[in-house]
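Undergrad: Protein chains in written order, with this note's numbering: chain V, 15 to 71; chain S, 771 to 1199.
Calculated directly from the structure, the hints in this document are not laboratory data.
A virtual CB, placed ideally from N, CA and C, is assigned to each residue, including glycine.
One or more hints might be untrue.
To be verified - A few chain S residues that face chain V, going by a derived Cβ cut-off under 10 Å, partial list only: (1) N865; (2) G926; (3) R929; (4) G941; (5) V965; (6) T1021; (7) Q1022; (8) G1031; (9) K1033; (10) K1038; (11) I1164; (12) K1166.
Stated by the list, open to error - Computed far set for chain S versus chain V, every beta-carbon distance over 12 Å: (13) P864; (14) Q897; (15) E923; (16) R963; (17) E1014; (18) K1030; (19) V1041; (20) E1050; (21) D1099; (22) Y1107; (23) K1144; (24) E1183; (25) Y1197.
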Amino acid sequence: MVTIDPEKCTGCGGCIDLCPQIAIAMINDVVTVNEEKCNECKMCIKVCPMKAPMEVD
Amino acid sequence: MAKKYDVIVVGGGPAGLMAARTAKREGLDVLLVEQKKEITKIRRSCAQALATAPGYNGETVTVEGEKIIFHINDFSIKYHGPWLDIKEFFHISPNGSKIIVKRDETPVGKIFNKEVLLQELLSEVEQSGCEIENETMGIKAENTNGEVVVTLESKGKQREVKSRIAIAADGINSRIVQSLGLNKSRKFYGTPRVVSYVLEGVQSPHPNAFILFLGKGRTNGLYPMVPETPDGPPLFQISGGSEEAINLFLTQSTFSSWFKGVKVLQKKSAVLNFHTPILEPVAENVLIAGDSAAFIEAFVQGALVYGFRAAKAAAKELKEGDGFTEYVDYWKTSFGYNQPGKIEDSCRMALGMLAMEDEELDYLFALLEPQTIKSYYDEFAYPVPIRAGILGRIDKIRGEKPDLARKIEMLYEGGMEEIIQIGMKGYMA
């Protein structure tokens, strides 16, 4: 599972656009990963300019 | 799935808001969807600049009082926010040598506040009775039985909505475009990222300039610095390929004295799949507008124009038929990057400089100085005299710096993929 560090996230929405599973969305304008849809492909980690997504157990 | 709209607009940025406003004015039944809750809040890197060069991307835009007027497409939008005139545009090499683009007293461009611009547009769209769903993403569009089925996702739930026509205005990484298979025919050059800092307390000797700092320092660098319209002290937005790159630039470049004691007020960023434009931005009953069809981007003014044109095309199609041919023809002839050779010209110029060593840049800029190019900010125009200046001195360069001459020849004659890979190395994900 991946979560987004809100301290680092700028809300640019790039990971939302580029997630192959469409697992990331703005919820109340906070970039949020849907645990059920995330398959840990790590595309968000690769593309994020701010190093905000982190793998968690 | 009961309701069928005339037009669904996916994306509430400048292209989508303009498309929705225009479609409503044509008397159509419109749904606008946007993923953000606060539609007009800008959190992505954006220069917020108006290119005032007449004919830029096929349109001439002027500011008159509290209106922004689009002369060729004959529409205007209200804007009551602040303006900052850009008096000059510089490329600066590491030792401070400059290539200057200016036009005596006429500004080469104007900075505006995008949130204010979008707020005006959004109120008009709201007042027009347009249905708006925020916190809603368009994830797919399908043409079936002469209509469009758009799959929307909101708060984890998906549903389908029907429309006679859809306008994809969901930006440079459009899911609608992807779902229609329109990316298959585009060349793909990688996934560049950009980070921007909004800075307070910059001691710039050129406060009304748009500056491109060139030079590797410790990392591939291209650091555009753009003033932001302030209500208080002057602010600047500086961009680079990563936070590390920007921080190194601010603290260790030859310009670090400008940035002593700056405060970072806000960080923004962007990441995009970098493609050639969609040459024919229509897939049956889906029109692609703005950045969604573009190379890099269409700029805010481009987004407004193409959103306007897409809605006009939709209205014509629904009322009389054959609305799309004109839209496609207009896109092909107006958007600068659709003109033959323009992508290459622009890349060779910008990325060529990224590939040079610091002392090569200093040498080249010194050769070209005093170089003032009379132009607006227009990436299709100002590189022409710069290239002429460089190539006109190639014999001298070959004599004094043969490696640099070879690099220049490669950059002006080499393949696009190679140039982009070299030039954008520090930016790619």
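Undergrad: Against each hint, give a clear statement of whether it holds in the structure.
TA: Do the hints match the structure? See the list:
{"no.": "1", "hint": "N865", "verdict": "29 Å, violated"}
{"no.": "2", "hint": "G926", "verdict": "6 Å, holds"}
{"no.": "3", "hint": "R929", "verdict": "14 Å, violated"}
{"no.": "4", "hint": "G941", "verdict": "7 Å, holds"}
{"no.": "5", "hint": "V965", "verdict": "5 Å, holds"}
{"no.": "6", "hint": "T1021", "verdict": "19 Å, violated"}
{"no.": "7", "hint": "Q1022", "verdict": "21 Å, violated"}
{"no.": "8", "hint": "G1031", "verdict": "23 Å, violated"}
{"no.": "9", "hint": "K1033", "verdict": "17 Å, violated"}
{"no.": "10", "hint": "K1038", "verdict": "5 Å, holds"}
{"no.": "11", "hint": "I1164", "verdict": "37 Å, violated"}
{"no.": "12", "hint": "K1166", "verdict": "40 Å, violated"}
{"no.": "13", "hint": "P864", "verdict": "24 Å, holds"}
{"no.": "14", "hint": "Q897", "verdict": "24 Å, holds"}
{"no.": "15", "hint": "E923", "verdict": "7 Å, violated"}
{"no.": "16", "hint": "R963", "verdict": "4 Å, violated"}
{"no.": "17", "hint": "E1014", "verdict": "10 Å, violated"}
{"no.": "18", "hint": "K1030", "verdict": "25 Å, holds"}
{"no.": "19", "hint": "V1041", "verdict": "3 Å, violated"}
{"no.": "20", "hint": "E1050", "verdict": "23 Å, holds"}
{"no.": "21", "hint": "D1099", "verdict": "29 Å, holds"}
{"no.": "22", "hint": "Y1107", "verdict": "21 Å, holds"}
{"no.": "23", "hint": "K1144", "verdict": "36 Å, holds"}
{"no.": "24", "hint": "E1183", "verdict": "32 Å, holds"}
{"no.": "25", "hint": "Y1197", "verdict": "9 Å, violated"}
Going down the numbered hints, you'll see the structure goes against 1, 3, 6, 7, 8, 9, 11, 12, 15, 16, 17, 19 and 25, while the others check out.
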